Amino acid sequence: MGTQKKGASRGSEDPVELARVPLQAILLADSFTTKFRPITLERPKVLLPLVNVPMINYTLAWLESAGVEEVFVFCCAHSKQVIDYLESSEWFSQPNFTVTTIESHNSVSAGDALRLIYERNVINGDFVLISGDTVSNMSLTQVLLEHKERRKKDSNAVMTVVIKRSKPSQITHQSRLGTDELFMAIDPNTKQLLYYEDKADHAKGSIYLDKLLLADNPSITLHNDKQDCYIDICSPEVLSLFTDNFDYQHLRRHFLKGLLVDDIMGYKIFTHEIHSSYAARIDNFRSYDTISKDIIQRWTYPLVPDVKFFGNSSIKLERQGMYLASEIGQSRSAQIGPFTVIGSGTKIGNTTKISNSVIGEGCSIGSNVSIEVKSGAVLEPGVVLSFKVVVGQQFIVPSYSKVSLLQQPTKQDSDEELEYADNSGGIAEISSITHTVGKLNGEITNQPFETQCWPTSELGTGGAGYVWSICEGGHDEEWRHSVAPIPADKLSEAIHAADDDLELNQDGRSLPPSGELKPDSNDSEYDDDGESRDDSIYFEKEVEATFLRAVHENITVDHVILEVNSLRLSYNKVAADCAGGLFYSLMKLSLETPHDSASELVQATTNVLAKWKKLLKYYLAEIDEEIEVILKLEEICESTKEFAPVFDKILYQLYDLEIIQEEAILRWDDEKKDADESDKVFVKQAEKFIQVSAII
Amino acid sequence: MGDVQGLVNDFATKLSKRKVEGSRETARMTAELLRTIISQQKMTSSTNHAAVLIDTVRGVGRRLIDANPVELAVGNIVRRVLYIIREEEFSLQAGELTLSSQGSDREIDEEDDKLFLSSAATSQRILHPTSLATLLGSKPDMPPTCHPSASRNHDIEGKGNPSSLTLKRHIMEAVNYLIEDIKTCHEQIADQAVELIHQNEVVLTLGHSRTVKKFLCAAKEKKRSFQVVVAEGAPKYLGHVLAKGLAAKGLQTTVIADSSVFAMISRVNMVVVGVHAVMANGGVIAPVGMNMVALAARKHAVPFVVVAGTHKLCPLYPNNPEVLLNDMRCPSELLSFGEFSDCMDFSIGSEAPLLHVLNPAFDYVPPELVSLFVTDTGGHTPSFIYRLISEFYSADDLALQQKLLPESEHSNSI
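From first to last, the protein sequence lines are chains A and B.
Just so you know, the first sequence maps onto residues 1 to 696 in my numbering.
Just so you know, the second sequence maps onto residues 1001 to 1414 in my numbering.
Please keep in mind that the hints were generated in silico from the structure rather than gathered at the bench.
Be a bit skeptical, because a hint or two may be false.
Claimed, not checked - Calculated pairs, DSS-like style, for lysine-lysine (alpha carbon to alpha carbon, straight line, at most 30 angstroms): (1) B:K1223 <-> A:K293; (2) A:K293 <-> B:K1236; (3) A:K268 <-> A:K293; (4) A:K191 <-> A:K80; (5) A:K316 <-> B:K1014; (6) B:K1223 <-> B:K1244; (7) B:K1214 <-> B:K1244; (8) A:K268 <-> A:K316; (9) A:K293 <-> B:K1168; (10) A:K268 <-> A:K211; (11) B:K1214 <-> A:K148; (12) B:K1244 <-> A:K148; (13) A:K148 <-> B:K1019; (14) A:K316 <-> B:K1017; (15) B:K1214 <-> B:K1236; (16) B:K1249 <-> B:K1222; (17) A:K211 <-> A:K293; (18) B:K1236 <-> A:K316; (19) A:K613 <-> A:K672; (20) B:K1236 <-> A:K226; (21) B:K1014 <-> B:K1236; (22) B:K1168 <-> B:K1220; (23) B:K1019 <-> A:K316; (24) A:K226 <-> A:K257; (25) A:K316 <-> A:K257; (26) B:K1249 <-> A:K293.
Note that the coordinates shown come from a computational prediction; the quantities given were computed from them, not determined experimentally.
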């Protein structure tokens, strides 16, 4: 060995000396979500093949090449599978790279995981916090250096979050990785993260910033073009923080926002932006598809199929981005299109066409198929097949459907779902419809002549597996996560939302109940709305109670007016409200009078109305108030079926007793002209009467 | 042995992660690794130790080549070490043969003497067909590194005690020569610079190559005054590094874009470039953009000179399916990922992306476009490369890889 080599090795030791302690990493081999069901029912997400390599290998390979020396893999769901896999892999035998697994069965969130790791007391320096589904090729040296220098100056700088620029358009952002749009406020000088909101109100296109944020910082930049890479450099304090705040579950939603809002401890979070290198996290089927494409297009170099960063399968890159394993059986008449990965041991039949797909290892694909499994069957684009699913002969799997060997659970078992329960109103779990762009990963380990009997098979003769049905409620969040092209209506909706600030009629596009995560400043507006609604209910009740007391205790009309007026003032209402409230009370009173038929009811109503005409008339100074009464009558008739058939008669009585004038009726009719058919029921009922009064 | 296995694994990992780059560095490290392996190899059976060694080296070689098939220098060095083993074994046997023949048949003197003297040459001649260079050059002035066995054959016979240990010692010596050779190849090549670069010439080069830099600097040191034009070598722009280095050495340097090579070539007297590998047919695998430079040089009849150490000589032809000609590197060298994703309309979704970014690392320059190879053994024309190769490699070692399954199945790729 010449001096040159010694020099070189000394050179490589320098960064290690700088770090002093070996760099550690915590890898969460569980995302604590169920977005990948039904596949994750059988296999943990981190072992799902991403371009034919289990996902966790990308993360581990990156950590290894980035200079991390010790990795703690936290396994929860399917922990045995993960541990078995890692033990049989070569990761345990790497020099200068130790992988330790930590197993837990009762952790339901990242917070629990970190608390458990804290108890183990294994982390003794800065560490990288990453989840097992992150693909990256970035270099850590720069960000580590920055982190350490900040730590020297300020011990409260506990965390550095890696971010990446992405297109600021809401549509692209959502459609690329299927994640929510992210708003961040960053101090441009110190790169301190000041505000983080990934659940911003899309409909309103607005976010709420705390005033203090603007007051305290001389300069602040607001970004909506950043993407969170979910790679964090953390100080050991982070773990103790999780232990101190036992309710922290989600890394971003609770921990990060918690730290940002909490100004007592003064912990600071910083950002590091990467430009040329790649980093992304697989969060849902759409990002799975996108990242697969990115890998095939080599953005993650050197983590690409033909470079053996892991294992020993040899894949050759041919023209047009075809990655072919060395041992495949391909018919001469089969056509393999561009950007296709074919695993070893795969057999492809005659005149089969495959393009833009990843075919796993040991698949057999029949003849006359376009990306397919058994002879005659067709997999339309976007089908997700789970493990060992066999598609029968002559069967067409519909587009964007999911097939699994397990039956779709009728009820969500929300073991792992605690954190998601609050956010998506229980829809996301039974994930449904829509998936992948011909990205059937090859877990279609078809034994072509499997003889297993599937009584309920929905996949044609000889097929095995269940098609997961479309879950109605789950539709709204789903479009964003699925791989299918975004439905046109959703797209236009998104564009619409981006274009103007009009509130969309969003059928259950779930947003979390506001308030909890947002700074205080925005709450008042919401509260106002709520209060006013509550107020009118109380007011009506009070008016009714007053009126009933008047009826039973024979209080004179003047006194009732006095009481109602005081109520009006204390609740800050107008005369119309009083009229409406009183009229409602009158109708209720007449309903309570014993009656046998509709005509008797009308009679009773007329009596009541005649008796209390003066009271009602007091509040009917204007036409508007009279219309209010008609609307109220309509409302009552809608909700009480006794009144429904006699609407026109009561209306006539009201007219007859001169409580309302014909002008009010005509204007009411006018207003209803543009209404829906269902609203016009009563207008039609009163049509004759209206015509008459119009003539008069 | 476990230690050796660890070393091999370590190196293979480095190769596969692309942590070792540059063919000279790779070649040197491969040779050093193989030397360690040979020195640690236990010689249990005295009968066929050479075969054992060959098997071991082959096995390791396969692993290393698999780890990074693009770096052809690994395979070259493995094959050269294999050749050294074969040669040493053969010369030992030849030595034994001559000794024994001397002992038994003393009548035949003169012819035996001749045989005895020329045993080294015989061994070479039997292993590969005699080349013109061997015939003309097997004189004292022949570069010593080229035939390290020639001088040492006499040692064997002097001791007259051939055994596994001597074989191993000789192999080690020869491998040491090889390592020395790799280390000094730049100087050897640079020594020839003065003869090739003349006063007031303009030399064009592309990208960055240490060999080229030493070559040009050597000419400068010998008081030649000339100009250098450096094409920047997109997308890595290593040409900038070279230009700065040359300017620091006091050379008049001009940096141009790759695309203006054609405009510049008429003013250039010679193109000197470094390459990634030299193939058996005299074609070269070189950094991307080189074919264009070569074509421009041909168009204007400018000599296209390739400087390359012998470790870059690959005994395979470029049409060999084992040869992985190119490496598609990360597209972010061309276009940052952010810009790329900006151009994507993901709402289309199911369609294949319309924008592709390709970043091949290498070009293939056919032998017709190369005027001269300057190696550490002297200057050669492309048509002579295959003979040169037969001096460094044994035909038995060309296929290191295990026989693959018939490749015919996926021949209809496009």
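Here is what the structure says about each hint:
{"no.": "1", "hint": "B:K1223 <-> A:K293", "verdict": "violated, 55 angstroms"}
{"no.": "2", "hint": "A:K293 <-> B:K1236", "verdict": "holds, 24 angstroms"}
{"no.": "3", "hint": "A:K268 <-> A:K293", "verdict": "violated, 36 angstroms"}
{"no.": "4", "hint": "A:K191 <-> A:K80", "verdict": "violated, 41 angstroms"}
{"no.": "5", "hint": "A:K316 <-> B:K1014", "verdict": "holds, 19 angstroms"}
{"no.": "6", "hint": "B:K1223 <-> B:K1244", "verdict": "holds, 20 angstroms"}
{"no.": "7", "hint": "B:K1214 <-> B:K1244", "verdict": "holds, 14 angstroms"}
{"no.": "8", "hint": "A:K268 <-> A:K316", "verdict": "violated, 47 angstroms"}
{"no.": "9", "hint": "A:K293 <-> B:K1168", "verdict": "violated, 52 angstroms"}
{"no.": "10", "hint": "A:K268 <-> A:K211", "verdict": "holds, 18 angstroms"}
{"no.": "11", "hint": "B:K1214 <-> A:K148", "verdict": "violated, 40 angstroms"}
{"no.": "12", "hint": "B:K1244 <-> A:K148", "verdict": "violated, 33 angstroms"}
{"no.": "13", "hint": "A:K148 <-> B:K1019", "verdict": "holds, 26 angstroms"}
{"no.": "14", "hint": "A:K316 <-> B:K1017", "verdict": "holds, 16 angstroms"}
{"no.": "15", "hint": "B:K1214 <-> B:K1236", "verdict": "holds, 21 angstroms"}
{"no.": "16", "hint": "B:K1249 <-> B:K1222", "verdict": "holds, 13 angstroms"}
{"no.": "17", "hint": "A:K211 <-> A:K293", "verdict": "violated, 42 angstroms"}
{"no.": "18", "hint": "B:K1236 <-> A:K316", "verdict": "holds, 24 angstroms"}
{"no.": "19", "hint": "A:K613 <-> A:K672", "verdict": "holds, 26 angstroms"}
{"no.": "20", "hint": "B:K1236 <-> A:K226", "verdict": "holds, 27 angstroms"}
{"no.": "21", "hint": "B:K1014 <-> B:K1236", "verdict": "holds, 21 angstroms"}
{"no.": "22", "hint": "B:K1168 <-> B:K1220", "verdict": "violated, 43 angstroms"}
{"no.": "23", "hint": "B:K1019 <-> A:K316", "verdict": "holds, 20 angstroms"}
{"no.": "24", "hint": "A:K226 <-> A:K257", "verdict": "holds, 17 angstroms"}
{"no.": "25", "hint": "A:K316 <-> A:K257", "verdict": "violated, 46 angstroms"}
{"no.": "26", "hint": "B:K1249 <-> A:K293", "verdict": "violated, 47 angstroms"}
The structure does not agree with the numbered hints 1, 3, 4, 8, 9, 11, 12, 17, 22, 25, 26 stated previously, though it agrees with the rest.
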